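S.K.: First to last, the protein sequences are chains X and V. Residue 247, in the working numbering, is where the first sequence stops; the numbers in between run on with no holes. Residue 247, in the working numbering, is where the second sequence stops; the numbers in between run on with no holes.
Check the hints yourself; a few may be wrong.
Since the list gives no way to pick one copy over another, a pair counts as held whenever it fits inside one copy or between any two copies.
Capping the alpha-carbon separation at 30 Å, the derived lysine-lysine pairs in DSSO-like fashion look like this [unchecked claim]:
1) K235 x K97
2) K152 x K235
3) K97 x K146
4) K59 x K97
No lab work stands behind these hints, which were simulated from the structure alone. Please read all numbers here as calculations on a predicted model, not as lab measurements.
Number of protein chains: 2
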Amino acid sequence: MIVLSGPSGVGKGTVCRALRRMMPELVYSVSATTRAPRAGEAEGVDYYYKTREQFQEMIERGALLEYAEYVGNLYGTPREPVERTIAEGKDIILEIDVKGALQVKRNYPEGVFIFLLPPSLDELRQRISGRGTETAAVIDTRMSEASREIGMITEYDYAVVNDEIEAACRRIQSIITAEHCRRDRIVKEYSGLMPFIHKA
Amino acid sequence: MIVLSGPSGVGKGTVCRALRRMMPELVYSVSATTRAPRAGEAEGVDYYYKTREQFQEMIERGALLEYAEYVGNLYGTPREPVERTIAEGKDIILEIDVKGALQVKRNYPEGVFIFLLPPSLDELRQRISGRGTETAAVIDTRMSEASREIGMITEYDYAVVNDEIEAACRRIQSIITAEHCRRDRIVKEYSGLMPFIHKA
Numbered sequence: 048m049i050v051l052s053g054p055s056g057v058g059k060g061t062v063c064r065a066l067r068r069m070m071p072e073l074v075y076s077v078s079a080t081t082r083a084p085r086a087g088e089a090e091g092v093d094y095y096y097k098t099r100e101q102f103q104e105m106i107e108r109g110a111l112l113e114y115a116e117y118v119g120n121l122y123g124t125p126r127e128p129v130e131r132t133i134a135e136g137k138d139i140i141l142e143i144d145v146k147g148a149l150q151v152k153r154n155y156p157e158g159v160f161i162f163l164l165p166p167s168l169d170e171l172r173q174r175i176s177g178r179g180t181e182t183a184a185v186i187d188t189r190m191s192e193a194s195r196e197i198g199m200i201t202e203y204d205y206a207v208v209n210d211e212i213e214a215a216c217r218r219i220q221s222i223i224t225a226e227h228c229r230r231d232r233i234v235k236e237y238s239g240l241m242p243f244i245h246k247a
Numbered sequence: 048m049i050v051l052s053g054p055s056g057v058g059k060g061t062v063c064r065a066l067r068r069m070m071p072e073l074v075y076s077v078s079a080t081t082r083a084p085r086a087g088e089a090e091g092v093d094y095y096y097k098t099r100e101q102f103q104e105m106i107e108r109g110a111l112l113e114y115a116e117y118v119g120n121l122y123g124t125p126r127e128p129v130e131r132t133i134a135e136g137k138d139i140i141l142e143i144d145v146k147g148a149l150q151v152k153r154n155y156p157e158g159v160f161i162f163l164l165p166p167s168l169d170e171l172r173q174r175i176s177g178r179g180t181e182t183a184a185v186i187d188t189r190m191s192e193a194s195r196e197i198g199m200i201t202e203y204d205y206a207v208v209n210d211e212i213e214a215a216c217r218r219i220q221s222i223i224t225a226e227h228c229r230r231d232r233i234v235k236e237y238s239g240l241m242p243f244i245h246k247a
């Protein structure tokens, strides 16, 4: 399980979409939400659409790895598809905010946690401002929130600077390849072939 | 510092030469030896050629990260070029046998230790036999030695299966990229830009 996270405005969504094109073999976790589908969105592709009652019921039976309320709607990561994909021996990537990633980490400390960093705080401010019509006060609030989120980087395994989308994707791809080469994972895979490894 | 090691016959030298072409920005550690230079070999490129007295003196003043005797000649890794390259902020790769790698690990536990594995023991036997004129008894001895060496894999961070040279090199390249993305390294680099990271 790979968790891609980072402060709001850093470009998690954009990087994840580019990564999806670059690594089609990777499974992408689809979130559940109480938000109404928008035009062009499809059930099970963009989101799993739930009523608030259904979502509440998922929370109660522990069916979500993490969830949060955002502008009046609930969003969460269903546990079952993640566990099924891992059981199939495939990699799954979760794109979630910092708070959600820390919830997931409590449930899945063995996941690979990647923090996406802006090249600089000025660049982050520009990306947040560039989104639309926010006032200076709103931007300041979001910047101090982002600073707090960046402080949570100490909880992560890797940090990738999102200076250029292609380069960031290549770094993430390298992290995934390297994680597959971790000695403990390889020894598990090859223990059948080379039984004496375990005796060491 | 990256240490590429593995059992004798696995193809460390071949992989290292291919990697050298693929990653010219990597610095390659040159060993010291008491062996006489062969035709076409150059001082400081293939080896640093030393007399036995010079080599002994290097051992005594701790100028070698590891050393071993092999067929009557001494081989070792000079400490100074490794430390200088690291101080310059560059990556250096050491290609050494399993015993040497474990010596280096005692001096440099923060290095990245990569173990090169054969795809199977049959394949390793073929590679060892294919080298030349060894008798069955010699091959058996070398195989049991290799098995013992593979048992030392538990001391390493990563394991790369040398099934195909290009693929093995790409995995090593990914490991190096991923290691540069480790959170602690990035936080160190970016702490000037984002001072609040350290306050977390």
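S.K.: State for each hint whether it applies.
M.R.: Hints versus structure:
no.	hint	verdict
1	K235 x K97	neither (39 Å within a copy, 43 Å between copies)
2	K152 x K235	both (23 Å within a copy, 23 Å between copies)
3	K97 x K146	within (21 Å within a copy, 59 Å between copies)
4	K59 x K97	within (24 Å within a copy, 55 Å between copies)
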